[in-house]
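Undergrad: Position chain B against the provided structure of chain A, taking the given hints into account.
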Amino acid sequence: GQSLEQPSEVTAVEGAIVQINCTYQTSGFYGLSWYQQHDGGAPTFLSYNALDGLEETGRFSSFLSRSDSYGYLLLQELQMKDSASYFCAVTYSNYQLIWGAGTKLIIKP
Amino acid sequence: DSGVTQTPKHLITATGQRVTLRCSPRSGDLSVYWYQQSLDQGLQFLIQYYNGEERAKGNILERFSAQQFPDLHSELNLSSLELGDSALYFCASSPRGGTTDTQYFGPGTRLTVL
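From first to last, the protein sequence lines are chains A and B.
Each residue of the first sequence is one higher than the one before, starting from 280 at the first, in the numbering used here.
Each residue of the second sequence is one higher than the one before, starting from 332 at the first, in the numbering used here.
Among these hints, one or two may not hold up.
[What the hints assert, rightly or not] A partial selection of chain B residues facing chain A, derived with a Cβ cut-off under 8 Å:
#	residue
1	Gln372
2	Phe395
3	Gly428
4	Gln434
It is worth saying that the hints were derived from the structure and are not from the lab.
Every residue, glycine too, gets a C-beta built ideally from N, C-alpha and C.
Next up, chain A with everything else stripped away, as it sits in the complex (with noise of 0.2 Å):
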């Protein structure tokens, strides 16, 4: 089967760094993508990898390794601001998308 697993809930501290795991079981992969959900609102994309290998956007960085099937999300220099839930997707065959259940970052100053 198909699926997709993140811890629930981080707790970090305003100013640290923070990774997020995502590991993966699915067939037919094509790539592994994170978005971030504050409370109330609508998911945004943050980031996609489909190549083994880092990726970076400013603060948050994204990592993919294809042979370990697993994946995470850096935040650096956390803010308040970044508190939200974070969720990785993976895309596989036919066009199919399973998410994370998400996991609820949590800063503190």
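TA: Just chain B, lined up with the frame of chain A:
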């Protein structure tokens, strides 16, 4: 603002009823996706359309149906509503509906079934 619009924002109805949710994609986007998000849960992919044709189907119940019209707007029809159908329903759009497309989400429709 993603450019994707959804109406209505809120909908309150009773069990057994039928409702229609509407979505207009970003200008130029050909693909539309529908998602269900129950309270404090992740997103459940329901269905995807590309240029009027169904492209992918997720965990969509038989009581639910959708379509994409020639002007590319989409409607999600939910019938014989149950209490458990109460959720946020998101529509997203993307340019080509391909595997590398970024999806742009609308603000969602909050459905409450009483």
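Undergrad: Name the hints, by number, that the structure is in violation of.
TA: 2
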